[in-house]
Each structure stands twice: as C-alpha cells, then as structure tokens.
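Q: Each chain is listed here by its residues.
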Amino acid sequence: MISAGARTATGHARERRPPRRIDVRFRTIVSPHQLNSRWGRRVYWAVLVAMVAGSTLAFVFPLYWMVTGAMKSGPELARMPPTLLPAAPTPDAFAEAWSLFDIGLLLRNTAYYAFGGWLVSMAVDVTAAYALSKLRPVLGNVILGAMLATLMIPPMVVLIPLYVTIVDLGLLNNPWGLWLPAAANGFNIFLLKRFFDSIPRELIEAARIDGAGPLRVLWSVVLPVSRPILGVVSIFTIVTSFKDFVWPLLVMTESERMTVGVGLSQTAGAVPQNVIMGGLVIAGVPTIVVFFLFQRHIMAGLTAGGIKG
Amino acid sequence: MGVLRRNLTAYGFLCAALFCFALFAWYPMVREFVLSFQRTNLVDPPTWAGLDNFKAVVQDPAFGTAWLNTLQFTGLALLCGYAVPFVTALVLNELRHARAYLRFVVYLPVMLPPIVAVLLFRWFFDPGPGLFNQILDLLHLPALAWLDSSATALISLVIVSTWMNMGSATLIYLAALQNVPPELYEAAELDGAGILNRIRHVTIPQTRLILLLMLMLQVVATMQVFIEPYMLTGGGPENSTVTVAYLMYQFAFTYGDGYGQAGALGMMLMLALLVFAAFQLRLTREDKA
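In the order they appear, the protein sequences are chains A and B.
So for the first sequence, this note's numbering puts the first residue at 1; every next one is plus one.
So for the second sequence, this note's numbering puts the first residue at 1001; every next one is plus one.
Some, not all, of what chain B presents toward chain A, calculated at C-beta under 7 Å:
1) R1006
2) T1009
3) L1014
4) A1017
5) E1094
6) L1108
7) L1112
8) E1189
9) V1220
10) F1226
11) M1270
Simulated from the structure, these hints should not be mistaken for lab results.
Every value quoted in this text rests on a predicted model; they were computed, and no experiment measured them.
Virtual Cβ for every residue (Gly too), placed ideally from N, Cα, C.
Let the sequences and hints guide you as you build the complete structure.
A: What follows is the structure, given as structure tokens:
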C-alpha cells in the first residue's frame, strides 16, 4: 500500500532519475525517503554488496573449500599457500571415503533410523494430539502440561539417566532405543494439537453423523486438512534425527549399526584429510538436498511454529 | 456412558504417547535424582552412596575449570551468538534485494549435520595448511595455534558453534522484525528520531519478548556444549575446553562406571539452569509490569 502511494507521489522524479529506484514495498527502520535519497541509495547498494559478499564468504566458501578439498590430492592439500582451484580434480577421495568409512552402510542405517523414527513419532504424536484436541479426556490439560514441561529440561541433563534407562530395558544397539525417546516430543504434540484445535467442529460432527468412528475421523477428516503442519513436523523430525549425534553415539555403539555422524567421528582420526573431506561431503549432501527441496516449509516451520532453537 | 466411552477412546489414542513420555521423559527425571545418590555399574544392583557422588565430583580437579569454561563459553557465545544474529537480521530486514538468497545462505550451516561442520572446522583450524592460518598469512598477520593453545582453544570452539547455529536465531529475529508495525517507525521519524534511536525506542521494545526468550534458549543451549569439545579438543589443552557437559560424559563413559557422579553433576547443571531461568522469568515479568 505504501509503495503504491510512494510511487504515484514520486512519479515525475522517477522519469528523470536513473531507473535504479529502490522498491519500497514495506516500511522498515530506514524510511523510504532516506533510502531513495542520493546518499541513501549509495549506502544501500554498498551494504547490499557487502552483505551478499560477506555471507557468501562466511557460509558458502567453507562448503566450497570442503568440496574442492575432497577433490585435491594429499600433497596438494598440504601445500602452502593453498590452491584456490584443485590442480587436477579427482573424485578418488569420494570413492575412497565411501569404502573406508563404509558410508553406504552408515547412510542406510541413518536413513533407516530417520524414517523409522519419523513413522513412530508421527503415529505417537498425531494420535496423542488428536486425543488431546478433539476427544478431550479428563485430565487432558494436566497431561499436556506434563508433556510440555519436558521441554524445559535441557536434554544434556537427562542424557545419563535416559541412557541408564535404555540399558535397563536392553535397548542398546536397538533402533527402538532411538525411536521411542524421539517420539516423546512435547513440541510436536503442541504444534499438532494447536493445528487440530483450529479444525472446525462442524467438519468432525458431520463425519460422525455419517457413522465414522474416532479413528476414521482422524484418518479421513483431520489428517487430510492438516497436511501443512504434518509436512513441517515431518521434515523437522527427519532432519533432527539425521543431524543427531550425541544420542546415537551412546545408543548405537556397534560399528555396523552406527549413524553417518558417529561412524565418521570414530574413523576420522586415522584417515587422510582429503578422504575425510570426501566423507563429509557425502554425509552433508542428504540434509542439504532436503533443504533445497523443502526450503519454504523449513523456514515457515522455523518461524510460524513459534520458537525452536 | 457417553462420557466414559469418550474417555476410554481418548486414553486409547493417548496410550502410546503416555508410554513414551513415562518411560523416556518423566521417569529419567526421577532417575536422575535417584542416580545421583547411587553407586552403580549398570550390571550389579545399585547401592546407596549418600553424598559421595557429589563429593567426588566437587573434588575432581577439572570441576572448577569446567564451570569456568562453561561460563566463559556461554559468555563468548552470547557475544557472538546473540548479538551477531540480531544485527544480521536488522540489516537483512532493510535489504530489498537478494533476500531469499541471503536467508538461504545464512541458514545453510544449520542444515549440515554438526559433525560435518565440526570436522570441517577442525581442518580449518590446522596450524599449518589450515584455511584460517593461510588467510592470516595472506593478510600478513601472525599465525595462531587455534585449538592447540589454551589461550585460543575456547574461542575457536565458539567460532564453530556460532557458525553452525546462528542461522536459526537470525531467521527467528527476522520474522520478529517483520512484525513490527511500520506506523511506529513513521511516528518515531516524525518525532525526529534518527536511525539508532528508532532501533532503540521502536525495534528493541517491539521485539523484546523474542529477544528475552532467545536469550534464555541460547544460554540453556550453550551451557550444554558437548560435541565441540568432544570432537575438537577432547577437553584440552590443559583442560582449557572441558565443559560441564563434557565432564559429565567423561564421568559416565571414560572414568569407568561413574554414572552416579555424572548424575550428580547433571543435577548441579540443572540447578544452575533453573536458577538462571528463574532470574530470567523475573526479568520478563518486571518488564511487563
């Protein structure tokens, strides 16, 4: 709205000035007027270039260095000063990393834990949120409160007793040792319940009159309309499980059951640097691909879902 | 009958979650408390230890250092991890171009598995051909020992930690900034407030709640630092990077069967965090009044 007004107001000036006017669709700290003054524009472009260059250097360049590092030979990697481009790029390090770390197996393990964990989490959290939101049992609010209270406990503090519990139950080196604790996720239940609360009562009543039981209502009424939140919760559950390090380090100790992260950390000391980089690239690809594909969902989930560090 | 049936179905739907929470969320909290007064090796039945675990923990030579390091780490991480994302978000919010690209790039490291970031930086910190020393060399600055010197090891860990975590904080601040009503800026401008005054009197009060909440989350998160010292320094050199969480891990898994001591240390960490949270809550409440 502001932009429409601003545009008509400065219509004349626009024709005379070089066509580099900065678009002001929303008002922020710097006023549109200041921004489009002579100095305002100069400063703006300087800051823009600095930000783009700076963040590329800070966040993309390390990844570039990782990928090109994996393509360099051992001696080239140790050269000082380093080469900006690999002199003779080879994919050998990737192949070597693949066989040395046994990354195929590690990735398969990690994917199995992530997707299995996702299934378990969704089954547990969706049913719980549905019960708390739509069936409203006695003491429902107390239960929800107790579930949310677990979010206040820093994970590191209960790490050891949780580990002891897992050992007591004989769940060491068992995927359920990862899945069940991950399913006890108060934040997922909170997000899902809040969304279910917003589903109109009439929709559910109508299905019930047609003779649908609670499970049927959940499956064919609630779940289809909850796709956005299910998507966000799914992506976060899978990515979190893929990134998790400390818990799989403690629970999955047998080398043929390790996750990518743990497997790399255990072998990294005894392997040449370019092979480590090859391994890191392979381990980093899945989550980055997920980010490319689901960027919008991830960003929306980060902010719309409230706060999650 | 209807009520009873509804409750029964509801609890039927809830039972899986109740089982998971009871066993893996609520019980471990109780277990933590009990464990800290026990001696156990997870095989033989545990015996009561009274306050022995707490005594052993306090007498450990690394105990004081671990707390100092954790505090120092938290302080440094707040300087970097709290101020840098907020300033970045402020600037990003002013920009009209490349917004999607910048947001994408800032969040990129958050998506990487932490082990990838940490091992990558271990190589950057290499005193010889590592990237950081090579850049310093390029700028004709003296080389640093990074992880190998007790003077720079802790700050090196803070650098890694900030790099891989600042993306989410930045995007959360950015969302908060976009919710600041533009009229307030206009009003402030009419009152003659310059840019810095607009930030001070409009932006910060308007995003205060999020700022305080993130402060708490950040402190709680950094107080638990583990993976950085575990992978990069092993607590060294000279215990300069032993954090409380890392010491806890060592009690449990390196010192051999010190689960009770780890539990005792965990209790202390929880207490410290509780004190901080209470303090923080009071700050927030005073704010509202």
